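Colleague: Residue-level listing of the chains:
Protein chains: 2
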Amino acid sequence: MNGLLIALRQDNGKHLYEQIYGYIKEEIRKGRLRFGERLPSTRSLSEFLQVSRSTVELAYGQLLSEGYIEARPYRGYFVCQVEELFDFTDRGAVREAGMLSGEPLRENDAADGRGRPVCGGRQNSVADGTYLCDFSPDSIDMTVFPYATWKKITKEILVDANSEMFSSGSPKGDYALRETIARYLHSSRGVNCHPEQVIIGAGNDYILMLLEKILGRHVEVAMENPTYRKAYRIFASFAYPIASVEMDGFGMSVEGLRKTGAKVAYVMPSHQYPMGIVMPIGRRMELLKWAGEQEDRYVIEDDYDSEFRFKGKPIPSLQASDRLGKVIYTGTFSKSIAPAIRIGYMVLPLPLLRIYEERCRIYSTTVSRIDQRILNEFIAGGHFERHLNRMRKVYREKHDLLVNGCRGMGHDFVLSGENAGLHLLLQDRRGRSEKMLVERAGEAGVKVYGLSEFYTDGVAPKRESGTVVLGYAAPDKGQIQTGLDLLKKVWA
Amino acid sequence: MNGLLIALRQDNGKHLYEQIYGYIKEEIRKGRLRFGERLPSTRSLSEFLQVSRSTVELAYGQLLSEGYIEARPYRGYFVCQVEELFDFTDRGAVREAGMLSGEPLRENDAADGRGRPVCGGRQNSVADGTYLCDFSPDSIDMTVFPYATWKKITKEILVDANSEMFSSGSPKGDYALRETIARYLHSSRGVNCHPEQVIIGAGNDYILMLLEKILGRHVEVAMENPTYRKAYRIFASFAYPIASVEMDGFGMSVEGLRKTGAKVAYVMPSHQYPMGIVMPIGRRMELLKWAGEQEDRYVIEDDYDSEFRFKGKPIPSLQASDRLGKVIYTGTFSKSIAPAIRIGYMVLPLPLLRIYEERCRIYSTTVSRIDQRILNEFIAGGHFERHLNRMRKVYREKHDLLVNGCRGMGHDFVLSGENAGLHLLLQDRRGRSEKMLVERAGEAGVKVYGLSEFYTDGVAPKRESGTVVLGYAAPDKGQIQTGLDLLKKVWA
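Chains A and B supply the protein sequences, listed in that same order.
To convert, note that position 201 of the first sequence is 200 in this note's numbering; the numbers rise steadily by one, no gaps.
To convert, note that position 204 of the second sequence is 203 in this note's numbering; the numbers rise steadily by one, no gaps.
Do not take every clue at face value.
Note that identical chains are pooled: a pair holds if it fits in a single copy or bridges any two copies.
[Said to hold, decoys possible] The calculated DSS-like cross-link candidates involving lysine-lysine, where the alpha carbons are at most 25 Å apart (straight line), are: (1) K262 x K212; (2) K446 x K488; (3) K229 x K212; (4) K151 x K212; (5) K434 x K488.
What the hints contain is simulated information worked out from the structure, not anything from laboratory work.
Note that this is a predicted model, so its numbers are computed, not measured.
Taking the hints into account, I'd like the entire structure generated from these sequences.
Modeller: Here it is in structure tokens:
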């Protein structure tokens with residue numbers, strides 16, 4: 000069995016598939032399973048381990064998503080090329096971070112694989128009411144927001160309102176909230192950090208403004224194309240030179256990145272916006288290797304919607320694999336809670352934390368202490384987890400409805416990006432233009448978004464046939480069904 | 000009577016002294032009363048107008064504070080030199096602003112002289128408990144904050160909580176709040192602006208960060224010295240060259256300013272921090288004239304604590320006299336409400352508003368919509384006015400206690416800056432050093448602040464004998480009395 004001596008345990012709280020996945024991942028990371036080696040078939044491994052075949056399939060699926068293995072038709076599963084320059088044991092990084100104040104991180108907060116990811120990202124707007132269905136990829140569903148819980152927490156917080164709470168707090172944000180966020184990111188996204196490394200700010204844009212002060216001026220930033228155009232425009236507003244780097248099916252091309260003079264690469268490895276690509280582990284390692292080659296190179300990881308993944312367990316953050324302090328991890332609660340709360344955060348690697356302390360402690364916090372307390376209670380009290388679980392269910396139903404509907408359109412379209420996040424892509428196979436698809440839909444009262452809108456120069460490469468982006472968070476199921484029926488008709 | 004044909008009315012809602020003040024001010028502004036002309040004595044004018052002498056004294060006192068007239072011992076009151084290049088009728092500016100959306104400003108919101116100024120400023124902290132009395136100039140009294148009202152408003156706002164309120168709002172802030180602030184600033188500070196010109200942001204520091212994006216890079220800023228060091232450090236963090244300009248008894252020397260290459264002058268005309276100087280109208284006009292000479296010159300007016308004035312009616316803002324669109328008016332609610340609420344604002348002149356629209360609309364608002372609603376209701380519902388009136392009473396009592404105590408120290412000290420704001424200055428007459436005064440006080444358990452702390456290079460000019468700054472907002476009356484008793488003893 001190729002040395003796969005997996006000792007499965009029923010009593011350690013981990014699903015069997017996770018144990019299989021974890022074991023094989025470690026074998027690959029440590030080089031005991033080598034590039035090109037073939038894994039046992041799911042049937043033979045399930046027999047060997049005396050588990051169901053679907054358990055093994057789940058484990059292999061996760062390894063596939065994360066890029067550790069690849070499937071070759073009719074031949075089986077093979078180990079992918081993974082850069083081996085890094086020691087992947089995350090403990091080193093945690094210890095280093097923990098030493099900041101001599102305070103150890105709680106070991107029992109280590110990733111438990113139950114998948115409770117945090118954060119959010121894109122600019123969110125309430126769907127426009129002028130369409131029968133608006134497939135906006137930037138909106139979220141606020142109808143199931145736990146207003147009552149939020150109000151209750153607010154009331155309780157205000158009962159204790161005192162002068163201390165109305166005083167200005169730490170520039171980085173309240174320690175209690177930073178601790179909660181650090182713990183949460185650790186358990187849900189594998190992020191290794193000490194609360195000292197967490198900086199809270201009023202939204203993603205402000206976080207980037209702070210980052211500008213830390214990184215300095217004239218810093219060339221490499222971005223994927225298409226990308227999150229708001230971030231592009233914000234970097235442009237800093238007068239940062241921006242290099243658009245080509246993407247392949249694994250995300251940003253590191254070869255392309257090397258051709259630029261960029262010091263900073265801005266990526267969304269868990270779910271690229273808008274392409275929906277999950278960056279496999281090999282590409283992640285290449286990217287970290289690139290960053291490690293020069294002292295002033297960094298990777299900004301925008302983990303904007305990783306809480307919504309519909310297949311397998313969550314993809315760990317890039318920061319989780321970073322041992323050299325090269326990843327700036329950013330996220331917000333705009334997508335996972337509500338755009339209005341205006342709370343985002345970043346996790347700084349130690350060299351940049353030192354620069355923050357020197358240059359940026361002067362900027363007072365931009366988030367009210369009362370709001371920080373409310374959010375802290377919402378997360379620490381378990382409400383956030385419950386909310387996310389509810390949202391996952393709501394979004395999964397909409398996701399499944401949309402995915403099935405799109406598949407029902409037959410062979411006219413290629414569906415992609417559908418395993419995570421709150422939008423998917425449909426690429427036409429019949430050579431019809433994006434413009435034509437968007438216009439026909441619009442005439443029928445359905446708003447879909449052309450992929451070219453996401454390119455930094457506003458025009459998708461000519462060779463591609465029309466691709467549209469469909470977000471499904473905001474419309475309700477009835478609207479999605481109506482939208483699908485209409486699209487089927489006008490795109491027939 | 001020198002042509003002082005004042006038609007006093009009992010029915011127009013204005014105090015008699017305000018009518019006299021307003022009349023004479025207009026006569027000076029319009030040039031009908033000329034530089035050097037002598038005003039009637041208070042006795043003769045009061046007989047002429049058939050009002051009490053104290054009414055005329057009040058009017059003259061206000062004209063003195065604002066720099067329209069000066070008192071010459073044994074000779075009487077004389078008209079000061081006022082730059083006459085500007086048309087002082089503010090209506091022009093209001094109309095210009097109102098035209099932005101074709102919507103007129105409400106005329107009945109014109110300055111009613113009842114003195115309800117807004118805004119706040121310095122970095123506030125809760126007083127340190129290790130002293131018997133801490134005369135921090137940066138703290139405020141939170142013991143009388145209307146917690147119950149704040150909670151009630153929060154509850155009411157949350158009752159209506161809906162998805163719209165939890166969505167992200169306008170980058171500039173909610174229109175309703177901007178309208179409320181514009182109206183408030185107009186009535187209380189004479190600020191002429193349309194809500195379109197008001198930008199809301201999470202605190203003064205963020206407002207300055209936005210301003211950096213508007214003004215651009217390498218902009219030389221002129222500051223008084225001593226000044227508000229936090230603003231100094233923030234400009235320094237922008238890598239702005241900073242010119243420290245000397246001050247005389249009227250504020251920043253415009254002659255000194257002309258010697259620099261500064262494009263922007265940062266001043267606190269209503270109550271200089273820390274010197275407490277009120278910039279007289281003549282100097283204001285000089286400053287505006289300087290700004291008017293070049294297209295890219297601007298004045299930042301930091302109106303940080305104008306709501307607390309203990310003599311006469313509030314000094315109007317510099318922006319109120321600005322007809323050429325040269326003043327950037329900034330303020331916060333940190334001092335007037337609470338540091339924790341993290342809401343500040345700026346009023347942009349039209350040329351800079353256009354630049355904001357071009358470059359900065361991309362930055363999402365940094366203040367939660369819920370907080371914006373709460374603040375809007377707090378102001379529009381009249382709670383802010385009541386709160387300010389309560390605070391004025393509280394602060395006036397502490398102010399009077401401290402001023403009387405300081406006067407009781409005899410001729411050893413010169414008292415200054417005591418007519419406004421929440422701190423005053425004591426300058427030693429016996430040649431004792433600041434260090435010695437601060438240390439003796441500290442040994443007795445009283446924290447006072449050396450003036451040199453406020454100089455940008457950290458050292459007060461050598462020629463000055465020791466000066467200390469005493470803030471009285473945070474300590475209670477008992478602590479102030481204890482502090483005074485101890486200071487009297489150790490400084491005897």
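Colleague: Hint by hint, say whether it matches the structure.
Modeller: Going down the list of hints, with the structure as the test:
no., hint, result
1, K262 x K212, "both (15 Å within a copy, 23 Å between copies)"
2, K446 x K488, "within (15 Å within a copy, 78 Å between copies)"
3, K229 x K212, "both (19 Å within a copy, 16 Å between copies)"
4, K151 x K212, "neither (38 Å within a copy, 39 Å between copies)"
5, K434 x K488, "within (17 Å within a copy, 84 Å between copies)"
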